[in-house]
Amino acid sequence: MPDYLLRIRRYDPDSGKTAYWDEHTVTLNPRNSVLDAILKVRNEVDGSVGIRCSCQQAICGSCGVRMNGRPGLACNTHLEVAAARGGGAQSTVPQTDGEGPAGVIEVEPMGNMPVIRDLIVDMDAVHWKKIQRVTPYLINRKPVPEREYIVPHENMVDITQTMACIQCGACVSDCLSMEVDPLFVGPAALAKTYRFVGDPRDDQHEQRLRDLSEDPHGIYDCTHCFNCIDACPKEVAPMSQIMRLRRRAGSDHKIVDSNNGHRHEDAFVTLVRDYGLLNEAELLPRSYGGNSWFGKFHPAAGKELLSSLPTVITGVLRGKVSPKIAMFGHKLPGGDLAAIKKLYKKIESRPQRLELNLYISGYEDDPEPAAVAAGSSGEAPQAESSASESESS
Amino acid sequence: MKVAYWPGCVSRGFTPELHGSMAKVAPLLGIELIQLDRGACCGAGVIAEHSQELADTLNARTFALAQQTDGELMMNICSTCQGAQSECQERLDANSDYRAKINETLADEGLHYEKGLTNKNLLWLLVEEIGLDTLRSKVRRPLTGLKVGPFYGCYIIRPVHRLGIDSEHPRDRYMQMVIEALGGTVIDYAGVHKCCGFPIITMNKQASLKMAGRHIGDALDADADCLVVPCPLCHLNLDLQQPGAAKVVGRELGLPVLHLPQLLGLALGLDPKDLGMSKHVVRPTSVIDWSASVVAGAAA
Numbered sequence: 001m002p003d004y005l006l007r008i009r010r011y012d013p014d015s016g017k018t019a020y021w022d023e024h025t026v027t028l029n030p031r032n033s034v035l036d037a038i039l040k041v042r043n044e045v046d047g048s049v050g051i052r053c054s055c056q057q058a059i060c061g062s063c064g065v066r067m068n069g070r071p072g073l074a075c076n077t078h079l080e081v082a083a084a085r086g087g088g089a090q091s092t093v094p095q096t097d098g099e100g101p102a103g104v105i106e107v108e109p110m111g112n113m114p115v116i117r118d119l120i121v122d123m124d125a126v127h128w129k130k131i132q133r134v135t136p137y138l139i140n141r142k143p144v145p146e147r148e149y150i151v152p153h154e155n156m157v158d159i160t161q162t163m164a165c166i167q168c169g170a171c172v173s174d175c176l177s178m179e180v181d182p183l184f185v186g187p188a189a190l191a192k193t194y195r196f197v198g199d200p201r202d203d204q205h206e207q208r209l210r211d212l213s214e215d216p217h218g219i220y221d222c223t224h225c226f227n228c229i230d231a232c233p234k235e236v237a238p239m240s241q242i243m244r245l246r247r248r249a250g251s252d253h254k255i256v257d258s259n260n261g262h263r264h265e266d267a268f269v270t271l272v273r274d275y276g277l278l279n280e281a282e283l284l285p286r287s288y289g290g291n292s293w294f295g296k297f298h299p300a301a302g303k304e305l306l307s308s309l310p311t312v313i314t315g316v317l318r319g320k321v322s323p324k325i326a327m328f329g330h331k332l333p334g335g336d337l338a339a340i341k342k343l344y345k346k347i348e349s350r351p352q353r354l355e356l357n358l359y360i361s362g363y364e365d366d367p368e369p370a371a372v373a374a375g376s377s378g379e380a381p382q383a384e385s386s387a388s389e390s391e392s393s
Numbered sequence: 001m002k003v004a005y006w007p008g009c010v011s012r013g014f015t016p017e018l019h020g021s022m023a024k025v026a027p028l029l030g031i032e033l034i035q036l037d038r039g040a041c042c043g044a045g046v047i048a049e050h051s052q053e054l055a056d057t058l059n060a061r062t063f064a065l066a067q068q069t070d071g072e073l074m075m076n077i078c079s080t081c082q083g084a085q086s087e088c089q090e091r092l093d094a095n096s097d098y099r100a101k102i103n104e105t106l107a108d109e110g111l112h113y114e115k116g117l118t119n120k121n122l123l124w125l126l127v128e129e130i131g132l133d134t135l136r137s138k139v140r141r142p143l144t145g146l147k148v149g150p151f152y153g154c155y156i157i158r159p160v161h162r163l164g165i166d167s168e169h170p171r172d173r174y175m176q177m178v179i180e181a182l183g184g185t186v187i188d189y190a191g192v193h194k195c196c197g198f199p200i201i202t203m204n205k206q207a208s209l210k211m212a213g214r215h216i217g218d219a220l221d222a223d224a225d226c227l228v229v230p231c232p233l234c235h236l237n238l239d240l241q242q243p244g245a246a247k248v249v250g251r252e253l254g255l256p257v258l259h260l261p262q263l264l265g266l267a268l269g270l271d272p273k274d275l276g277m278s279k280h281v282v283r284p285t286s287v288i289d290w291s292a293s294v295v296a297g298a299a300a
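From first to last, the protein sequence lines stand for chains A and B.
For reference, each letter of the first sequence is one residue, going 1 to 393 in the numbering used here.
For reference, each letter of the second sequence is one residue, going 1 to 300 in the numbering used here.
The hints are all genuine.
Residues from chain B that keep clear of chain A, each with C-beta distances beyond 12 Å, as calculated:
1) 33
2) 114
3) 128
4) 134
Simulated crosslink set (SDA-like; lysine to any residue; CA at most 25 Å straight-line):
5) A:345 - A:256
6) A:342 - B:109
7) A:234 - B:162
A short list of chain A residues far from chain B (calculated; beta carbon distances all over 12 Å):
8) 48
9) 120
10) 132
11) 142
12) 200
13) 206
No lab work stands behind these hints: they were computed from the structure.
In this text the structure is predicted, and so the values were computed from the model without any measurement.
Just so you know, even glycine gets a beta-carbon here, dropped at the ideal spot from N, CA and C.
Excised from the complex, chain B in its bound form:
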C-alpha cells in the first residue's frame, strides 16, 4: 500500500536509525513510502502551548500536503507526532468555521486541508491495515525467546477518545499483539503506559530521568531483554539518557531500547547493523547475539 509518510523531525535528527530502519522495513511489509519532505515540525505540543492556531496551521499544512499525494492514508513513526497531530486534527475536523480560518492562511501557498484525513502511526497501520496474520506470514526469523517490554509513549495512548481507542481498536494493546505476532515474549511491567519523562528534561531533569530510570528498572526486574518504542522522543530519554537515568535511580541499568521498525526488521530477517542498532547508546548486545544465533540455526 502507498502511504504519505511523515517521518517527523527527530527520526531525521537525533535518531537517524529510526528513519533508516523504517526505509529498510517498508518494502518487506509492502508499504510504499511517499515522503512528506515539505512538512514542518508538528510542534510536539510545545507550539500549541504557545499558540494553538500556529500549531493547527502547521499541521493542517502537512495534512494538505499529504492529501496531494496518492497515498491511501498518512503514516507517521512517532507517538508524539501522532498525538500532537491528532489534537490539531480534532479541532480542524470539529468546526468548519475554524477550519476555514486555518485554510485561509494555507491558501497563500495554494494549499487546502479537506476534513477527514486518516493519519496512523506505523503501529496502528501494522494491526489495522496490514493485519497480524499477514505480519506473521512475513516473519523470517521469529523472535523466539526474546523477552520484549513494550513502551508506548503518552501521546499515542491518551486521551483515549481522541486517539480512537475502544474495544474494537485496543490500540493500547497493539504493541503486545505485534510482539507476539513476531514470535517474541511480551514482558508486562509497571511502566508500559507511563511517561518517559522527555517533555520535562530541560525543566526538571531529576524528575525526568527518574521516570525513565524507574521504567527501565521495572522492565529489568520483570526480566526484559529489551524495550521497544514507537516514539523517538521516548527513545532519547530511555536510551540516550539511560546512563544519566541510572545515576538518578541509583542502580545499574543497561537495557537496550529498540525502535519499532528495528524490532520488525529483526523478525523480517534484516541484519541488526543495517537497522542502525550499532548507533544506540546502550548497545543491544543481547538482541544482536540472539539474532545471530537464530540466523546460524536457520542456515543449518
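Extracted from the complex, chain A is given alone in its bound form:
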C-alpha cells in the first residue's frame, strides 16, 4: 500500500497559538477515503485531532472539509482522487513527481464558516442560520384535506434533486458570493427554498419568492460561479435551483424586485430578441430603469447611470466603446434577425415550458442510467408546468 502525506490544518482557539499544518505519513489503499486517513491518525497517533463524522457513508453530511483546496465529504473522497487534485483548481499543492509519497493531501476546515477547532466548523453560525432564514418546512394549503394530498408525480420528481441535499455545507464553504457578501442567503438555503416552491402542497410560493427576490442578499445575489455545483457530493446543483427560483419569480409571478434582478433578465432577453446580439449600452439603463428605450430616463436609472458616467466616459475616450456602438449597439443581418424573432415567438407562446433536467432524465449514452432516473429514465423531456398553472390546479 502506498504512503500518503496527510497535512491537517490544526487550530485550537484555547491554545493561544495560531493555526498550523500537522503532517503525518499514512499507509493506506488509494481507494481508502480521506476520512479513513484522518481517523487513522486520530486513532493511532494523536487523539486530539478534531473532525466531525458519523455514518462514513455519505449520508449524514458531517465530515465536510476542504481537500487540496476543494470542498467535499472526507468519507466519500478516495485518497487517490484527493491526491490527484494537487495543482488543480484552487490548490496550492504541487503535483508529486513519483518520488516520495504517492500523494500529498492537505485537509482544511470548510470556508465561509468560523472554525471551532481543527477541521470542525461552526455550522450553526452560518449554515443552519441561513437554512432557518428560508422557512424550511412545508406551509400547508388551507383547508387541509381530510385524506392525503395527491401530488402529481412530475411535481415530486421535479423537487427530487433538492431533496437529495444532506446539509453538509460543502456548497456554502466555497460560495464566492458569500465570500464577499456574508449576508448572502447562499446555495444550500436557496436550494432548500426550491424544494418548497416546487411543491404544490406549499401555500406560500409567491411570498417565498417575493421575500427572496426583494432581499438584496437573496436569489439575485448569486454570481453564477458554479462552485456549489462542483462542491456538492449529492448533485443537488444549488446554482441551477437558484436559476429556477429566478425563473419562477420573474416569469411566473412577475415579481419585479428592487435589486434590478428581474429587470436585468427581462432587458437581456428582450435585447437579444430585438438585436440578435447583446446591446450592452442599452442593457445597463434598462436593468435600472425598466425594459424599454425610455428606461434610461427613469429616475432610478439616472442615478445609477450618473455614478457609472466616469467609467463610460473613460471607455469612450480610450476607443474601447465606439460612439456608434454606444448609441445604437450592433445587430444581426435582417434575415437572421427575423428568424430569431420568429423563434422567440414560437417558444414564448408555448402553454408549457420545455425543460430538460439531466439529473432526472440521465444521459442516453450512459451505460447505466442515472441513479435517480430509475422511475423516469428514457422518458421524453418534461414539460414543466408554469407555477401559475400548477398552482391553479
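Since the structure of chain A is already known, use the hints to place chain B on it.
Positioned in the frame of chain A, the structure of chain B alone reads:
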C-alpha cells in the same frame, strides 16, 4: 486549421480590441477564421435563467450554422460563451427527443443541429490542437521577465465534468502552460479560479467590485505585472471597472489586464498598438515598455 469562429457579442461591442487582436493573431498561429456572423447571443446564462428552451434553441442555431461551414471545429474567444454553450450542448447531446424538439424549431430556417459538435475556446485550441511545442516555436519575442497572473473566468472551468476537465485535459491549468510556453513567468495568487463579479454588477455592485478588487489586489501583492483573461466579461469587470473596484476595496490598483490573444500577439511579435492595447482603461504601460525594450534588444 480552419475553424468556425464564434466571436460572441462583447468582443464586437465593448471590448473590440479582443476581436481585433484575434484577427491579427490567427494567421500567425495558422488558424483560418470562418466567422459566424449570423449567430445570436449565447445568452450568457441569463436567457437560460428565463427559458432553457430559448437558450438551447439560440445556441443550437449557432451550432447548426457552424456545422454548415467546412471548419474542423467551432472556436470561441469567451469563457462565458464557452460555458453557456457547453451547458446547452450537454442537454442537446444527451437526449434525442429533446434535440428533435429543438431541431423542429430550427427547421423553419432549414437548419439542423447534428449531435457531437466540438466547440473549443481559443485556450483549449492552443493546447490541444496547435500544441505547446508548436506555439513555442512561433514565439518571436519571448515574454522573458513578464510576470503574468492567469484569470480564467468561472464559465470555462466549472462544472468540471461538463467542461471536460480531467487528468488528461487539465484545462484549469492551460493558462499557466501557455504563459510558460510564451516565455513568461506565471504568478500564482488566490483569485486565479475565482469569479470576477461581472454577473452581479447590476444587482449588487458593491459585492461585484469587491470580487474584482480583491483579485487584482491579490495579484499585485504576488508581484504580477499584468493579468491575462480568456473572457471579455471578466475584462469588463477587471479593467473597465477597475477604478471603481479600487474605491470599493480601498487601495490603489492599476494592474493592466490583457486579453489572451493580446498576450499571444505580443509574444508572436506584433505591435502592442495593433493589438488594441491602447484601448484599455488601465493602460498596460508596464507591458508596452517591456515589449519595446525587448524589440530593441532583438533588433540590436
